[in-house]
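4 protein chains.
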Amino acid sequence: MSSTYGQNLRLTIFGQSHSEAIGVTVEGLPSGFPIDMAALQAFLLRRAPGRNDWSTPRKEADAPEFLCGVKDGVTCGAPLTAIIRNTNTRSGDYSQLAYCPRPGHADYTAYVKYGASRDYAGGGHFSGRLTAPLCIAGGICLQLLQREGIKVMARIRSIGEVCDESEFTESVAGKLFPTVSDAAGKAMQQTIAAARAECDSVGGSVECVVTGVPAGLGDPMFDGMENRIAAVLFGIPAVKGVEFGEGFAAAALRGSENNDPFTVENGRIVTATNHCGGILGGITNGMPLVVRAAFKPTPSIAREQQTVDLRTNTPTTLSVHGRHDPCIVPRAVPCVEAAVAIAVYDAWLEYKKHKE
Amino acid sequence: MSSTYGQNLRLTIFGQSHSEAIGVTVEGLPSGFPIDMAALQAFLLRRAPGRNDWSTPRKEADAPEFLCGVKDGVTCGAPLTAIIRNTNTRSGDYSQLAYCPRPGHADYTAYVKYGASRDYAGGGHFSGRLTAPLCIAGGICLQLLQREGIKVMARIRSIGEVCDESEFTESVAGKLFPTVSDAAGKAMQQTIAAARAECDSVGGSVECVVTGVPAGLGDPMFDGMENRIAAVLFGIPAVKGVEFGEGFAAAALRGSENNDPFTVENGRIVTATNHCGGILGGITNGMPLVVRAAFKPTPSIAREQQTVDLRTNTPTTLSVHGRHDPCIVPRAVPCVEAAVAIAVYDAWLEYKKHKE
Amino acid sequence: MSSTYGQNLRLTIFGQSHSEAIGVTVEGLPSGFPIDMAALQAFLLRRAPGRNDWSTPRKEADAPEFLCGVKDGVTCGAPLTAIIRNTNTRSGDYSQLAYCPRPGHADYTAYVKYGASRDYAGGGHFSGRLTAPLCIAGGICLQLLQREGIKVMARIRSIGEVCDESEFTESVAGKLFPTVSDAAGKAMQQTIAAARAECDSVGGSVECVVTGVPAGLGDPMFDGMENRIAAVLFGIPAVKGVEFGEGFAAAALRGSENNDPFTVENGRIVTATNHCGGILGGITNGMPLVVRAAFKPTPSIAREQQTVDLRTNTPTTLSVHGRHDPCIVPRAVPCVEAAVAIAVYDAWLEYKKHKE
Amino acid sequence: MSSTYGQNLRLTIFGQSHSEAIGVTVEGLPSGFPIDMAALQAFLLRRAPGRNDWSTPRKEADAPEFLCGVKDGVTCGAPLTAIIRNTNTRSGDYSQLAYCPRPGHADYTAYVKYGASRDYAGGGHFSGRLTAPLCIAGGICLQLLQREGIKVMARIRSIGEVCDESEFTESVAGKLFPTVSDAAGKAMQQTIAAARAECDSVGGSVECVVTGVPAGLGDPMFDGMENRIAAVLFGIPAVKGVEFGEGFAAAALRGSENNDPFTVENGRIVTATNHCGGILGGITNGMPLVVRAAFKPTPSIAREQQTVDLRTNTPTTLSVHGRHDPCIVPRAVPCVEAAVAIAVYDAWLEYKKHKE
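Chains as they are written, first to last, in this note's numbering: chain A, 10 to 365; chain B, 10 to 365; chain C, 10 to 365; chain D, 10 to 365.
Chain A with its partners taken away, still in its complex shape:
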């Protein structure tokens, strides 16, 4: 199956790019939590398309309708379901995709798995649009975590070859194009513009930092924080890599460089460095949790590409029209925050269970 995540909080995402609606059901939310609807809407807006130069012109209000689980804006303990109607769909753009899978997309694998009855319009259930309900669930988790003093913030780490090398700071939180170095941000926007100008797209990476997380979240082996977070992050379309702390760079280090010495700070045990990204043995150690996700370039490009006609099993070419982001990474930033918030809040509920 597919679209369910979580052990203590459980969310189920449903919908296709061009179905009546998309949405999410979240079970396990505490009763009595007043959702800040304005803050949630502002969070969703960061992901929404059509707001600026670097995203698809498809405009969706993305205003969630809450069907149940809240009463007067307060959670009531029952499963919460929120939906977003799909209004601005132009299925005509996708007619050729019924038999010509787009390179780099799930069109072909969806065809193999679900056959002729699959909903190919707009990528169906595989569409990046499904990250909107993820952000509804994640946006609520962000608010729940905030109440516990836990903050989840992400920045664009790289676009194409341009990297925001600066150390992470909370300053990124309010930015429309969240990089620590604004110069790097400007260079990234130029990289996106260049790709767009050449009818191409470009990839990038996002870094997410969680502060205020207590030591003791997560479990050994298959339920470690790395496993839990990776299991959600790879649910965001286009994510092809996930790493924690030094991540792949740690593979080139010596133990004496990578180990984080323990020390005491204000009577609290901390580590002098944070190469491990706040996780040891799958369990948080009280330092900021640091995770990065690699996004491949948007596969939908206007250039002519080689594909196969599924009706005849013969090679042919395809130019993808429709409206697409030349770079998905800026809009992916809140999605990463949502995904990480969901995993952390789920683990936090587990953690709380074992505390007296």
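Hints were generated in silico from the structure; no laboratory data involved. Keep in mind it's a predicted model, so treat the numbers as computed, not measured. Even glycine gets a Cβ: it sits at the ideal position worked out from N, Cα and C. A portion of the hints provided could be inaccurate.
Simulated restraints, written as ranges between beta carbons of each label pair [to be verified]: (1) V273/D <-> S190/C: 57 to 63 angstroms; (2) V273/D <-> S104/C: 18 to 24 angstroms; (3) A203/D <-> T272/C: 25 to 31 angstroms; (4) P223/D <-> T325/B: 43 to 49 angstroms; (5) R156/C <-> E313/D: 38 to 44 angstroms.
Given chain A, put chains B, C and D in place with the hints provided.
The following block gives chains B, C and D in isolation, referenced to the frame of chain A:
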């Protein structure tokens, strides 16, 4: 919790480094499968310590005892449990660890989570030794996949700064030090020897390739092959990053570079390149599945390190004695194969369910 | 948590009696199945209130709106979500229930569990109304099973002291008041009318028979067909007992009476009797699966009852107004069919996986 | 699959009647709990065979060996695995069962499901012997619950036609043959003796009462206490019915009879009666939880029975030799306690999570 993985196949790993025994229970194996015990033992031997220059001198026969689930070497449909007795334990080596957590290890987080009653000897349930039962389960899955024409093979991709740049070939399968380029392999061994000589350790990365996997394995969103494989791989101690196909490198590419054009080969739809690592939308596309895992350097090093005395909450220093690998990566190769085989076989059972 | 069931098929039910909508998401449905919408609507109508003498006058069209998962009435492989808007709600009827829990209802336990923020109107998430989405999911499973030659049919077995003693026959399938003996059915309706006349309610039991089910469905121990079916059936409000085959009557029997001798019929192994209700060791044996569920009398009665004022923690009395069924059992018949169909279809998907 | 249960506590049972060993792994136990090994052994002894007139003469010490998860008798947070070696097996008794399924047993369904490779000796994984590891896990849960003031006690409710009509009292706890009325107990023993004398067996029922359970355990719909408890109880071989409170008797009652009026006792909200068995809407209401399980008569009887030769698909007869209980019910009493304790403790961990 922790130690259970899988939906169609379910494995539960138990044991601590110095408990009576470690082991694994596997549910969902098909009935009537004759396990090739010699092949399984040979596979386990690749992970076993004490066999050569680059691993810990702790010697364990690692011969599994099958308690149930097999009859005359053939699976009988009931849950299979295999255990390995812990014989060559020297708990005395670990006495200081009761109150001085080793940097980079799970000692501190285990203390936070499980308190004074935790079993700290040898890392307890967090020990790399727990990959032995993982390899029992994975070794059986490898045999089951082989019967379906699916091969899972891994190689050392890098040790420290040394990388085996050559394209993956099946030639690595039989090698004691599995690199495609033997020159690279030699340089890696020197890197390990140098780290050992300096009482240090070094990290590395492993690449795993699965061939013969049909198109259609995996599911959208949270049950994609990337999610499923990452969820097992991060269960191997020291893994800090997981990527598929181009992985993090894809973040620097253009769509026109990264997209894999479809074409027809011998009447079968294939892609001309394989930047996606055989997975699109979480579902296999019939091309080889390619995954890489980053291993941090072994945290246990003989050098003096900074830590904290948990009894007094004051800084102190620690020199880790005991027997440890200067580089875990060579022994991790079969563990990666085991982990990937488990995830792929679990998905394969699901896939089979939907085929008529 | 609460509202998710299934391993190979997974359904999540959401909504409260008086929320915007109630609904269900079903994952794992095969792609390409044309749902017979007229048949589904007819099935839902059997459960709907307000159609005759023995049910509540609350009228709801109960016409499901499909948000996703179907395209032109055919399943597309993505999660299917259907909702029913709550239109005919009269929340005013429930104001006293904010602080006076109804005896026999979940009002008090919901208050304990979810506190002041719970949605008490109409029983909230605990309302029998939530069986409508169960019937949507179950109605689809019934159609899927029918395609495999598997029929799920239920009858009213007893109302109060009146029992339909006749052996089960398929004749019940089309009846408005499904009993084998119409005389028994008439007596049951009189029993209901008598309870209603006395401002009271009455309980009853439902028997469900599944024919055409192959031998081999289900698993040992905790995933046996009994466990699986009971786990759904107890999800229907008011169910207080579940039994299979002879059930509780088997406790009074000798082995020589209760054992079902094996024999051969048309070359097929069958049993001469079916005391076991088609299940041995948790696994179907190819005979009809027989299960019965006991329903307690509807707790909502117009008579004055003793309760406690939660504001003052003092005893008080309560007369439940609003519109309620004097006997829920007739409307529960399709709910039992739905629940059993879901469990059987879920097991059938598992079964199919292990067949070549 | 089969042999795993639980959400907050997870247990996996493995083994066959005549395999090397049987056992259980329990994840999610709190760290630091000192298991009272003597009490556990005494509990297991209540289930063990060969101790008196009414059970099989097969003698097994049933002394569990703890492989991991405990250190000096105290839980350490890691998964706990305990095994029992199978020593007193006489596989020769079972040779005919390779091709002649015993009526009422899982022999035939195991053959259908697992084929020729199944382990038929002694019933394999379907053997009642597998309740020994269930009792290990349950015995530990009983101790954990006891620490919270929660007691789980069961009695024999009926054997054949003889019923212990007396109201439940804690006096049964210490009894070798646990009935409230010793006269009823004596009559039951005579019923068993009579069945044995006639080479037959007899069924019965067990009633389990849980006191001290706080209001608020369990969840709506599919995770209610009824669903959770039934899901374990039906895992005990021979259980064919499960009911709560009045259970099937409630089906014959009026609402005015069955509803439990709320009242206040020592400032605490209680119900004047307990027809609901302590559960409303799936959630405990603070009153004693009452559940009954129906056991069919042991299918293994010495009388000649009709069966089918699987080699030739022709009818034949079978006399089951070997050593069998004429009535499993007395030995099932601790198994019911174990099963209920597991379900309640699992729910209690969930409950604790939501308490501040």
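Item to check | Beta-carbon spacing of R156/C to E313/D - inside the hinted bounds 38 to 44 angstroms or not | outcome: At 42 angstroms between Cβs, range holds.
Checklist entry - Within 18 to 24 angstroms or not, the Cβ separation of V273/D and S104/C? => result Because 22 angstroms falls inside the window, the suggested range holds.
Checklist entry - Lying within 57 to 63 angstroms: is that true of the beta-carbon distance V273/D to S190/C? => result violated, 47 angstroms
Next on the checklist: I want to verify a distance hint. Is the separation of the beta carbons of P223/D and T325/B within 43 to 49 angstroms?
Outcome noted: holds, 45 angstroms
Checklist entry - Okay, A203/D versus T272/C on CB: inside 25 to 31 angstroms? => result holds, 29 angstroms
In the structure shown, a violation is registered for the earlier hint numbered 1 alone.
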